[in-house]
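Protein chains: 2
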Amino acid sequence: MTSSYRAPLRDMRFVIDEWLNADTVWRNVPAWADLDSAMALQILEEAARFVGEQVAPLNGAGDLEGSHFDGTRVTMPAGFRESYRAYIDGGWPALAISAEAGGQGLPQLLEVALHEMLAAANHAWLMSPGLTHGASACLHAHGSESLKAHYLPKIASGEWLTTMCLTEPQAGTDLGLLRTKAVPDAEVRSELGDVFRISGSKIFITGGDHDLTDNIVHLVLARLPDAPAGTRGLSLFLVPKWVDHAGASEPMRNGVHCEGIEKKMGLKASPTCTMRFEHAFGWLIGEPHRGLAAMFVMMNAARLQVAMQGVAHAESAWQRAAAYAGERTQMRAVTTPADYVGDPAQPAPIALHPAMRRTLLDLRCVVEGERAIGFWIGQWLDIAAHHPDKHERAKADRFASLLTPVAKAFFTANGFAAASNALQVFGGYGYIHEYGIEQAVRDSRVSMLYEGTNQIQAIDLLVRKTIGDRGEKLCELLAHVREEADACQRAQALPEELAHAGQTLAALCTSAWQITEKLLEQGVADKELPYRVADDYLAMIGWLLLAYAWARTLRIAETVDTDENFYAEKRATARYFFDYRIAEFEHCRQLVEAGCRASLPFLSMETLNAH
Amino acid sequence: MTSSYRAPLRDMRFVIDEWLNADTVWRNVPAWADLDSAMALQILEEAARFVGEQVAPLNGAGDLEGSHFDGTRVTMPAGFRESYRAYIDGGWPALAISAEAGGQGLPQLLEVALHEMLAAANHAWLMSPGLTHGASACLHAHGSESLKAHYLPKIASGEWLTTMCLTEPQAGTDLGLLRTKAVPDAEVRSELGDVFRISGSKIFITGGDHDLTDNIVHLVLARLPDAPAGTRGLSLFLVPKWVDHAGASEPMRNGVHCEGIEKKMGLKASPTCTMRFEHAFGWLIGEPHRGLAAMFVMMNAARLQVAMQGVAHAESAWQRAAAYAGERTQMRAVTTPADYVGDPAQPAPIALHPAMRRTLLDLRCVVEGERAIGFWIGQWLDIAAHHPDKHERAKADRFASLLTPVAKAFFTANGFAAASNALQVFGGYGYIHEYGIEQAVRDSRVSMLYEGTNQIQAIDLLVRKTIGDRGEKLCELLAHVREEADACQRAQALPEELAHAGQTLAALCTSAWQITEKLLEQGVADKELPYRVADDYLAMIGWLLLAYAWARTLRIAETVDTDENFYAEKRATARYFFDYRIAEFEHCRQLVEAGCRASLPFLSMETLNAH
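Heads up: the protein sequence lines correspond to chains P and R, in order.
First residue of the first sequence? That's 1 in the UniProt record's numbering, and the numbers climb one at a time after it.
First residue of the second sequence? That's 1 in the UniProt record's numbering, and the numbers climb one at a time after it.
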């Protein structure tokens, strides 16, 4: 009854090959001269096999069993250790870590695809391993040579897992309120640099303890004695669970301990730990008081990964809903397709009922459109890191920077909605654990919260990255999108739908720019304005990106010379998108307009405190 | 950290007293001649005390413990038996059951309020007791005198609980596929009428077994030997767990057994049972083959109750989010209210941040607007049952019939969304069980599924009740709503906002009627059309009803002669509704328009079966 996950390799191939033309980017990078899309596909096929065999089967059972805490140590659910070992053996942690940091140096784009598969198959499983690339990039960019030499190889191989220790009970979104302290300890000698002693409490630490690896490397934000208040007084420290240097003849247990794991809505197999640091030995990463900037390297990598969790849940929801709707029969069909072979007088597969078709098509619009955009961001990251031309690198960096918060918030909100909408397809069965979809609703919900809540992403997009540069980056993005709109309209002897999609996309660009200009103008006097419309603005840009994805998809699918059903369904889904779902853009824009027109009341403290 | 539920008595009083003028209805009913709103409020205060003391405290613990099945019997979580006993002792089951059926005969309106409180405090707790009124109404309307004499008193008092046994694995939405059999057994004599033997399996039976009451009375749909296929071959039977008549000297265990309870997303304290009927003794309720019509009495009562679960979860979500947002401080405020006493340089209560204000105001728009509409339906039911004028009764019946599917689907979808949006206010803490809000997300989700999925409600509204009578009932409803729009516009020397609300509401009525006419016309040739737009159409009517609720609320709040903060916040919330949320109506209308313009593709079976 629980359908097993199958990696959407056909669609991934479409995106990489036809939508992104990834080959053309790789050709420009010396390190990837040997890489082509055929080889990339082989890698993804291998990944799909690993995920399908080792990771997906643990999803439902891991949720039921959960991770365990015995008062001292955390242990993972059955099978997690073994499959993680297979992950290491397959070299997967190192896939896109740079060669200098001990990795394979393959494109980020492929890691984006890998992470989508892992999250779709078993979101909880990915939680601890998912931090590896970001941690290695952070250490690689900011760590001392000796620290890197000691830690990077074992992080890249996956032999040691990592954590990000940011949050404290009083400091979630507001990291300026962090209190964990770091004090230099001149008495301890270490070949890896000055030693500090870290003390404080951290909460919500993913993989703070577990039995997947012998050692765990914590990256911890803390304050030095002379630190200024706020975020400019935070420094970043590497704090290993076991110290196997600094003069120790054998590994010494460091003063960092798990005090408990949270009882959560979902991701029950992934331990979310409360960590106590007691005079723990730590080593500074980067400059004093510049810890947040260093940590941002890790957080940015994490944000795209979280965005792909949204796509992953939408994909998994689609697969489950499609399988169920194709199989379950209830009620006669109101209409049937021309090639329907069933008896119209008998109960039909519910996939034929219009309400279910709407839901299934909505799922496809979201999952396939978002996959294209998510992979596109991965490609921009690759260009930003590796393109020989520095202008291209800078441009790609601007695109990735602007697109990442949109993807994080928009995809994760859609991922949760997709899971809930897919659950509805199952009727009452959707509410039962056995069918798997209720777990998807629970697991997917967290992605809207962590790595910066979706509200924080919206402020990042509108206040910092759009108003902050007077709309320059947005303008550049819209110009790029407009090129696709033009291409759709230029295409000759093609169906009217394509011209219509192109016109619609062009109109969306104009409309998005007009409202942005309005916000730029009105925001000068009304400084609250961008904050009160940020969420709707982000969603509006999200729908514009989906329109871009589907226009480009439609253009490719209309020009391809094959009768493969894959392209026929791309065309049908694109038409559905432009017929129905396109209304979402205007709805979001109307809500931004509402914010321009009307102020926003405050509720009285009397009312808030009544409860 | 988990804030405890407080019944919104002030708002309930507002709705009953000022919004509904309930007194004027009660004055027309002889049985309620002594009832006035002061007495009604006393009853609700008593209910609030009971709910707060006995039911709310069991919510989180009941979720963690769940109900138990030992292979034979179901037992409830700690405290459930005792609080149910207190519920009986307080006479709450009988509140709105008619006097002839052994109840107190108080208005349905008060039961609607009671059920909102119970569901908000502890949705799982309400599940089994919630069926009592519907079952007694069904038995009262269709049972034989002897059956009623034996069973009704114990059902009305709550001494015996009831179930609705409809669903079978192959028959959920499609009850025509039911297979459970009923065979006459002439050999057994019974003073309560002919005896039948019932055999078959039923699933998803709420309270199919438990230890709340000694006996459980199952109302079971089954087929007689000569029954035609489909829903017109279903008969309704009363099947008690223990038979204490039919010649038995002492109660005899009947052949109905629980085979297991479901592992569900939420409502873990409420046992959802798989039931096996093996030659169980049963007594026919109503005519042979007319079981579905009899059962509909029960299902209709249940639908409004489920609608109020949506309101309840929104209220509970609002209370939790408001309490947290008023207390939690993070980041400086962008803007502060004029009377703000905090230091603007310090982190502010997150309730001041614009994104959180939007969320909190959205919650209020939904919960208070829906409460008015839900109570209004309760009042229509009272008028339908008791008004001395038969034309008034018939009109009220038409209103209740049209409004119920809207309330069921729209309120429950909003209730789930409200819980999820409130969760977001908590940031990462929202994902943790301890804070209570993640349970609300899980518990609220089921209301979109049971008592007819929300998709079925939408078809009921549009196809059956609107297109089915060529829009007559809808026209009558819109005329009623227009009266309020006129009243808002007529109000003199009042703020511009009220006139604006009135104009907006009038425009919505026109717009809703135009698109309905379009569906009536186009639907003749395109029979799929209403089915593909039904969900959006229902949501559109839902937003129109909320606009009605807030226009009427605004008019009352603008004309009241008091400076109570309660009315000031009503005005602020109403303005927020008409400034921001009103856009939802047009969005839904646009989606219906899209359905009129564009056909809906079929996905190929190849695609569906790929998973």
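Think of the hints as simulated: they come from the structure by calculation, not from any bench.
Bear in mind that the values here come from a model prediction, so they are computed numbers and not experimental data.
Hints should not be assumed to be uniformly reliable.
As the list makes no split between identical chains, a pair holds if one copy fits it or if it spans any two.
Claimed, not checked - Below 20 Å or equal to it, Euclidean Cα-Cα: the simulated SDA-like pairs (lysine to any residue) are: (1) K518 with V463; (2) K263 with G66; (3) K527 with V334; (4) K263 with A302; (5) K263 with P169; (6) K527 with A338; (7) K263 with E65; (8) K473 with R398; (9) K473 with E484; (10) K395 with L20; (11) K263 with H433; (12) K263 with A61; (13) K181 with D194.
Give the relationship of K473 and R398 under a CA distance limit of 20 Å: within one copy only, between copies only, both, or neither. For K473 and R398, only the intra-copy Cα distance (7 Å) is at most 20 Å; the inter-copy one is 56 Å.
Should K263 paired with H433 be assigned to within, between, both, or neither, using CA atoms and 20 Å as the limit? both (18 Å within a copy, 6 Å between copies)
Are the CA atoms of K181 and D194 at most 20 Å apart within a copy, between copies, both, or neither? within (16 Å within a copy, 81 Å between copies)
Reference check for the pair K263 and G66, CA-CA at most 20 Å: within, between, both, or neither? Classified as both; 9 Å inside a copy, 15 Å across copies.
Given a CA cutoff of 20 Å, do K263 and P169 count as a within-copy pair, a between-copy pair, both, or neither? So K263 and P169 pass the 20 Å test inside one copy only (16 Å; across, 33 Å).
How would you label the pair K395, L20 (within, between, both, or neither) given a Cα cut-off of 20 Å? within (17 Å within a copy, 61 Å between copies)
Should K527 paired with V334 be assigned to within, between, both, or neither, using CA atoms and 20 Å as the limit? For K527 and V334, only the inter-copy Cα distance (7 Å) is at most 20 Å; the intra-copy one is 53 Å.
Give the relationship of K527 and A338 under a CA distance limit of 20 Å: within one copy only, between copies only, both, or neither. This pair counts as between: shortest inter-copy Cα distance 16 Å, intra-copy 57 Å.
With identical chains treated as interchangeable, where does the CA-CA distance between K263 and A61 reach 20 Å or less: within a copy, between copies, both, or neither? both (17 Å within a copy, 13 Å between copies)
Given a CA cutoff of 20 Å, do K263 and A302 count as a within-copy pair, a between-copy pair, both, or neither? neither (23 Å within a copy, 33 Å between copies)
With 20 Å as the alpha-carbon cut-off, assign the pair K518 and V463 to within, between, both or neither. For K518 and V463, the Cα distance is within 20 Å only inside one copy (14 Å; across copies 43 Å).
Identical-chain pair category, K263 with E65, by Cα at 20 Å: Both, since 12 Å and 13 Å are each at most 20 Å.
This entry does not satisfy hint 4, going by the numbered hints stated previously; all others are met.
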